[in-house]
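S.K.: Got chain A sorted already, so can you dock chains B and C onto it with the hints?
Chains as they are written, first to last, in our numbering: chain A, 3 to 314; chain B, 3 to 314; chain C, 3 to 314.
Possibly wrong hints are sitting among the right ones.
[Stated by the list, open to error] Partial list, derived from the structure: chain C residues whose beta carbon lies under 10 Å from chain A:
1) Phe40
2) Ser73
3) Ser75
4) Leu90
5) Gly94
[To be verified] Where chain B lies over chain A, by a calculated footprint (3+ residues, C-beta under 8 Å):
6) 34-48
7) 69-80
[Unchecked claim] Cut-off 27 Å, straight-line C-alpha distance, at most; resulting in silico cross-link-like pairs (DSS-like, lysine-lysine):
8) Lys104(B) to Lys34(A)
9) Lys104(B) to Lys36(A)
10) Lys34(C) to Lys36(B)
11) Lys104(B) to Lys79(A)
12) Lys243(C) to Lys36(B)
13) Lys62(B) to Lys292(A)
14) Lys26(A) to Lys36(C)
15) Lys62(B) to Lys34(A)
16) Lys62(C) to Lys36(B)
17) Lys62(A) to Lys146(B)
18) Lys292(C) to Lys26(C)
19) Lys36(C) to Lys36(A)
In case anyone wonders, no lab produced these hints; they're calculated from the structure.
Ideal Cβ placement from N, Cα and C applies to all residues, glycine included.
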Amino acid sequence: MRHLLTTSQLSVDEIHEILAEANKISTGEFHKQKNQRFVANLFFEPSTRTKSSFEMAERKLGLEVIPFEASTSSVLKGETLYDTAKTLEAIGVDVLVIRHKKDQYFTELQDRISIPIINAGDGCGHHPTQTLLDLLTIQQEFGKFEQLKISIIGDIRHSRVARSNADALLRLGADVVFSGPEEWFDDHIIGKGRYETIDEAISTSDVVMLLRIQHERHEHKDKRSANEYHKLYGLTVDREKQMKPGSIIMHPAPVNRNVEIADNLVESKRSRIFKQMENGVYVRMAVLNKALKTVEGGKKDVSKNHQWSIAY
Amino acid sequence: MRHLLTTSQLSVDEIHEILAEANKISTGEFHKQKNQRFVANLFFEPSTRTKSSFEMAERKLGLEVIPFEASTSSVLKGETLYDTAKTLEAIGVDVLVIRHKKDQYFTELQDRISIPIINAGDGCGHHPTQTLLDLLTIQQEFGKFEQLKISIIGDIRHSRVARSNADALLRLGADVVFSGPEEWFDDHIIGKGRYETIDEAISTSDVVMLLRIQHERHEHKDKRSANEYHKLYGLTVDREKQMKPGSIIMHPAPVNRNVEIADNLVESKRSRIFKQMENGVYVRMAVLNKALKTVEGGKKDVSKNHQWSIAY
Amino acid sequence: MRHLLTTSQLSVDEIHEILAEANKISTGEFHKQKNQRFVANLFFEPSTRTKSSFEMAERKLGLEVIPFEASTSSVLKGETLYDTAKTLEAIGVDVLVIRHKKDQYFTELQDRISIPIINAGDGCGHHPTQTLLDLLTIQQEFGKFEQLKISIIGDIRHSRVARSNADALLRLGADVVFSGPEEWFDDHIIGKGRYETIDEAISTSDVVMLLRIQHERHEHKDKRSANEYHKLYGLTVDREKQMKPGSIIMHPAPVNRNVEIADNLVESKRSRIFKQMENGVYVRMAVLNKALKTVEGGKKDVSKNHQWSIAY
Numbered sequence: 003m004r005h006l007l008t009t010s011q012l013s014v015d016e017i018h019e020i021l022a023e024a025n026k027i028s029t030g031e032f033h034k035q036k037n038q039r040f041v042a043n044l045f046f047e048p049s050t051r052t053k054s055s056f057e058m059a060e061r062k063l064g065l066e067v068i069p070f071e072a073s074t075s076s077v078l079k080g081e082t083l084y085d086t087a088k089t090l091e092a093i094g095v096d097v098l099v100i101r102h103k104k105d106q107y108f109t110e111l112q113d114r115i116s117i118p119i120i121n122a123g124d125g126c127g128h129h130p131t132q133t134l135l136d137l138l139t140i141q142q143e144f145g146k147f148e149q150l151k152i153s154i155i156g157d158i159r160h161s162r163v164a165r166s167n168a169d170a171l172l173r174l175g176a177d178v179v180f181s182g183p184e185e186w187f188d189d190h191i192i193g194k195g196r197y198e199t200i201d202e203a204i205s206t207s208d209v210v211m212l213l214r215i216q217h218e219r220h221e222h223k224d225k226r227s228a229n230e231y232h233k234l235y236g237l238t239v240d241r242e243k244q245m246k247p248g249s250i251i252m253h254p255a256p257v258n259r260n261v262e263i264a265d266n267l268v269e270s271k272r273s274r275i276f277k278q279m280e281n282g283v284y285v286r287m288a289v290l291n292k293a294l295k296t297v298e299g300g301k302k303d304v305s306k307n308h309q310w311s312i313a314y
Numbered sequence: 003m004r005h006l007l008t009t010s011q012l013s014v015d016e017i018h019e020i021l022a023e024a025n026k027i028s029t030g031e032f033h034k035q036k037n038q039r040f041v042a043n044l045f046f047e048p049s050t051r052t053k054s055s056f057e058m059a060e061r062k063l064g065l066e067v068i069p070f071e072a073s074t075s076s077v078l079k080g081e082t083l084y085d086t087a088k089t090l091e092a093i094g095v096d097v098l099v100i101r102h103k104k105d106q107y108f109t110e111l112q113d114r115i116s117i118p119i120i121n122a123g124d125g126c127g128h129h130p131t132q133t134l135l136d137l138l139t140i141q142q143e144f145g146k147f148e149q150l151k152i153s154i155i156g157d158i159r160h161s162r163v164a165r166s167n168a169d170a171l172l173r174l175g176a177d178v179v180f181s182g183p184e185e186w187f188d189d190h191i192i193g194k195g196r197y198e199t200i201d202e203a204i205s206t207s208d209v210v211m212l213l214r215i216q217h218e219r220h221e222h223k224d225k226r227s228a229n230e231y232h233k234l235y236g237l238t239v240d241r242e243k244q245m246k247p248g249s250i251i252m253h254p255a256p257v258n259r260n261v262e263i264a265d266n267l268v269e270s271k272r273s274r275i276f277k278q279m280e281n282g283v284y285v286r287m288a289v290l291n292k293a294l295k296t297v298e299g300g301k302k303d304v305s306k307n308h309q310w311s312i313a314y
Numbered sequence: 003m004r005h006l007l008t009t010s011q012l013s014v015d016e017i018h019e020i021l022a023e024a025n026k027i028s029t030g031e032f033h034k035q036k037n038q039r040f041v042a043n044l045f046f047e048p049s050t051r052t053k054s055s056f057e058m059a060e061r062k063l064g065l066e067v068i069p070f071e072a073s074t075s076s077v078l079k080g081e082t083l084y085d086t087a088k089t090l091e092a093i094g095v096d097v098l099v100i101r102h103k104k105d106q107y108f109t110e111l112q113d114r115i116s117i118p119i120i121n122a123g124d125g126c127g128h129h130p131t132q133t134l135l136d137l138l139t140i141q142q143e144f145g146k147f148e149q150l151k152i153s154i155i156g157d158i159r160h161s162r163v164a165r166s167n168a169d170a171l172l173r174l175g176a177d178v179v180f181s182g183p184e185e186w187f188d189d190h191i192i193g194k195g196r197y198e199t200i201d202e203a204i205s206t207s208d209v210v211m212l213l214r215i216q217h218e219r220h221e222h223k224d225k226r227s228a229n230e231y232h233k234l235y236g237l238t239v240d241r242e243k244q245m246k247p248g249s250i251i252m253h254p255a256p257v258n259r260n261v262e263i264a265d266n267l268v269e270s271k272r273s274r275i276f277k278q279m280e281n282g283v284y285v286r287m288a289v290l291n292k293a294l295k296t297v298e299g300g301k302k303d304v305s306k307n308h309q310w311s312i313a314y
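Next up, chain A with everything else stripped away, as it sits in the complex:
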């Protein structure tokens, strides 16, 4: 496939290959593109981290970024996502990075757009570069995934991260556990791991991966107060003291401080939250490099080797 749309599309070998490339990039081992190449970042949902991270990755690779603002685009005149993407392809953009609130927005694009699309988040669906940066952070810490216990805690149902990460971590050999409010569980995801109480999960895991409460995706405001959530399911100061030696805290951010995690744990010794952001740039550079290989030497002459695999 030309596109990177989901984590599950990547084989275990391919994941390892991207992580190795990102690691090399993190040490400064990379080259700028020799030819002028163009990318457009189509973000139809608010984002600071992911958008800036792609922008940074693109500039480090020497790409030209064609600005796109959904709020001032022809989408306002009723133009579809497909026609917008096709337009950017027609004017010469080489790679599209897309975030959209619609689950699997890419279904209508994948066979009709010939330039590579990198999914930067679709609704409650997928977010493959977030998974890759999480994996890189875990690998840097432990050097492996096998025999690690990783607990994913919180708003499972609305989280792109829960879905993508659970899938990849299980395939890489980790033990994945879910925790948090039961009414936010999702059988399809939970089926892949197993459930533990919050205290059990936190005290026995190597990685405590908290999820952001996606207020903007909850149809009815949650009746539970932020305080109550923190006490019942958050990483409180007390719970952190029960964590295993050498274990780490992760969160895809933005963090709701004192809800999912106590304010002063965000930048504590165990926290890898800002390390995750730094790693996001390296992972996205690796992914962009791979995508650009599929367009090198003309769009028609793409060697199979340079395409993304489809794991299943």
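M.R.: Using the frame of chain A, we list chains B and C on its own:
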């Protein structure tokens, strides 16, 4: 004149010269600017195509683009277009590209702003680079304009394209015909060509040029349904079958699919809709190059040769 | 200090040093950054002048600008300014330029963000680069500050400019006088200079510095009409005739034409309003260069010499 504001301002020779330059650019024959040059794109109306196309053209020429968003500018504090333009001139911008919903917004600017302005669309008025890209597309196809029959169909009154294209095509020797709903006609434009029924126009033209229904410029919503419009005035699948051999379909886009044109004709063999977008980049590069020549060697020392002509 | 937050933070020597550097830059004497450096402009309030001026300064220095739009950022998901700044630091941004409507927004950032912050305006508080560009404009004109009489006229209370400029001008030896509507005065600022009637101030000053009425910061709309304000406190055509020979008019802009100043004085011989904008670019280049020196050779190894002083 320093500025490119209307198509009618260009002489026939000048149009041919720009098309020749754009054609050369389309084959890769162009150079980046040697000195650092700055451009700002002031879009006060939504746009994907025109704005991205200018952004692409600017980057291919190696220009620095100073971002401007009307919605976060001092326009919100009541600053006028003139003061905004003057500010950008004062801080060192070399060329302004402007789209504004006000017809002839440029009247208050043209004698008081000393850097070149390229009009990227004024209200229902002019859109010279759209005309130039349409001309380039026709020239690439037929190698000439004389003895070509070109029908312009649809929302004539609200269309910048109808106005600019009819004028240029007639001067270049083409036979221009209008069609579509009579209540959307405009005597001033129609006076320049002649009217034909939709079926007559489509079956006898070399170029079928459809116009977008400008819903955003209609004061009262059109009572006619999209379906009905398509049947009465659209390029339906059936009408396309009546088109002359070798004839082509054009549309400035964004397309209202199944209104002005049947969905599956948009990317059909006859359609040059995405070719038009590609050509837009080449034409804008040619126009920007010409504008930059007027600022080379200091703003005061501009040779008459490098200025835009005023045809009438 | 790593940051440039207020004018009062700068010693007189440091102000002179920055002005000298800006003057050199204005003659074309400057170099682009050798290494790829990244800056982000976080503007949480509308701006054309200051934002474009920073963008221009950044590009002239060869910096990469990571785009940030508050209206499409995670601020919408409730992310704090601190977390936004920390995120940009984590992904590798080297300098932050921030404008925010909250007075002293930087208090929560200054000890916790390790990359330099340049304040581009905080609420009714400070705007150090505006002061520096005003100082540069005055210095270019008169070659000195001592024995100059400078009157600051208008919306003193809501003006960042009044506050910052009065402080710096007094320290540089100028005679500072305030005028305008009494109900807009501010004892804290006025304490630093003295009050004069509008006619006395205008007819005896070397520099007449008008302030913009900050409609957006007035809680209750001013009952006085624009016309009345102009007559009572504006620089009318008649008042301009009373100005001293060689004296100049300044205004931070955007100008409310025919309110603070008569329309046709804005671009008159005495006006330095657009010269101020041009100087803004040079001053910001000088300030950015200084900020970048604090990040050269790694963030930890910063020589004291390259930091901003704290005057008091």
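S.K.: Determine for every hint whether it applies to the structure shown.
M.R.: To see whether the hints hold, each was checked on the structure:
Restraint check, Phe40(C) versus chain A: the minimum CB separation of about 7 Å is within 10 Å; hint holds. Contact between Ser73(C) and chain A, as hinted, is supported at the beta carbon level, the nearest pair being about 7 Å apart and thus within 10 Å. Against a cut-off of 10 Å between C-beta atoms, the interface hint on Ser75(C) holds, since the closest Cβ of chain A lies about 4 Å away. For Leu90(C), the interface hint holds, since its Cβ comes within 10 Å of a Cβ in chain A; the closest pair sits about 6 Å apart.
Annotation: interface hint on Gly94(C) holds; nearest CB of chain A at approximately 6 Å, less than 10 Å. Coverage of the segment 34-48 of chain A by chain B holds in this model, with 3 residues showing a Cβ closer than 8 Å to a Cβ of that chain against a need of three. Counting residues of the segment 69-80 of chain A whose CB lies closer than 8 Å to any CB of chain B gives 11, so the stated coverage by that chain holds, three being the minimum. Only pairs whose Cα atoms come within 27 Å are accepted, and Lys104(B) paired with Lys34(A) is rejected, the gap being roughly 43 Å.
Our distance criterion of 27 Å between C-alpha atoms is broken by Lys104(B) and Lys36(A), whose separation comes to about 43 Å. The hinted pair formed by Lys34(C) and Lys36(B) meets the criterion: a straight-line CA distance of about 15 Å does not exceed 27 Å. Only pairs whose Cα atoms come within 27 Å are accepted, and Lys104(B) paired with Lys79(A) is accepted, the gap being roughly 18 Å. Distance check on the hinted pair: Lys243(C) and Lys36(B) sit about 47 Å apart at the alpha-carbon level, beyond 27 Å; violated.
Taking the CA atoms of Lys62(B) and Lys292(A), the gap is near 23 Å; set against the 27 Å cutoff, the hint holds. With a C-alpha separation of about 23 Å, the suggested pairing of Lys26(A) with Lys36(C) holds against the 27 Å cut-off. Between Lys62(B) and Lys34(A), the direct Cα distance comes to roughly 17 Å. Compliance with the 27 Å bound is thereby established for this hinted pair. Restraint check: the Cα-Cα separation between Lys62(C) and Lys36(B) comes to about 14 Å, which is no more than 27 Å; the hinted pair holds.
Between Lys62(A) and Lys146(B) the CA atoms are separated by roughly 46 Å; this puts the pair beyond 27 Å, and the hint is violated. Among the hinted pairs, Lys292(C) with Lys26(C) is consistent with the structure: their alpha-carbon atoms are about 14 Å apart, no more than 27 Å. Of the pairs offered as hints, the one joining Lys36(C) and Lys36(A) holds, with about 18 Å between alpha carbons and a cut-off of 27 Å not exceeded.
Comparing the model with each numbered hint stated earlier shows that hints 8, 9, 12, 17 do not hold.
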